[in-house]
Amino acid sequence: MSVDRGATTPVIPFATACAGIAIFTYMDAVMKGLSLLIGAYCAMLWRTVAAVPITGALLLARGGAWPARSVLILHAKRGAVTALSATGYFYGLTKLPMAEGIALSFISPLVALYCSAVLLGERIGMRTILASLLGLAGVGVLIAGRLTGAVDEAAVGGGLAILGAAAIYGYGITLLRRQAQAASPTEIAFFQNGTTLLWLLPLAPWLAPLPALSHWPMIILGAALAQTSVFLLAWAYARAEAKTLIPVEYTAFVWSAIFGALMFGEALSTTVLAGAALIVTGCLIAAFARSPQPMAAEVSL
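Under this note's numbering, the first residue of the sequence shown is numbered 983, with each subsequent residue one higher.
There are no misleading hints in this set.
Label pairs and their calculated CB-CB ranges:
(1) Ser1166 - Leu1255: 33 to 41 Å
(2) Arg1044 - Leu1183: 20 to 28 Å
(3) Arg1109 - Pro1191: 45 to 53 Å
(4) Ser1251 - Ala1039: 38 to 46 Å
(5) Leu1189 - Arg1105: 36 to 44 Å
(6) Leu1255 - Ala1186: 34 to 42 Å
(7) Trp1048 - Gln1163: 15 to 23 Å
(8) Thr1252 - Val993: 32 to 40 Å
(9) Arg1105 - Leu1042: 38 to 46 Å
(10) Ala1050 - Leu1189: 32 to 40 Å
Calculated from the structure, these hints are not laboratory results. The beta-carbon is built from N, C-alpha and C at its ideal position, and this holds for glycine as well.
Please model the complete structure; the sequences and the hints are all you need to start from.
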């Protein structure tokens, strides 16, 4: 009798998801470094330029076809969300330590719950409301830590940029659920990158000079890391229950602290730890209050 090892012993999917999160967080660190060098908009634009042929080749290899008009509109909406949220997020990371920035971004699944209620008619229960309050309390702790003593206006601006990006991305998660019903992962990856590029291009003549040759390795690395992590996470979620893998999502906080310290000399404060703990607790309550859905696996930033 054959046994589905992926379903009964999810060790390999769990380890794969851990690797996917680690790679995704390293991508964030690479993009932070690139954004510090050439600006968040330029970093996002040129990384998307590099990602289009990568995802296009994967789509062609799988025999992808041109989507229907209704699906193409969904891709375009998702591309607009990605252009805004990713650029805002990477800008915020240039002003904040990585661990603090990623902790703030964890509110996006909570925002997605309310977007789903408004757009998809999904019910919001008391546990979801409690989760939201915990998440807001965590954000409050992080903001209070920033407002204690001498106020760093750049850091406050960076935090607001990440909160705005996370809110926009929460709406993007809702869009992705609709996309996933109409398109394959490879189609979503290609058209998301393609439409994101189209949304970013209008400002390019004024804001995006051609990067120096020395910057292209980081640009290509960022694109490759993003797609690698997404496919690792998608593979893991296809072979293990989401409730087993959701806690792995929050190891991004640990990796962000490690990469922040190693690459940028960033320190981790008790305020950030406390705020992150409240936000993560809220997200876990929300995740297990309903049918769990992958979160980081949905990201193709």
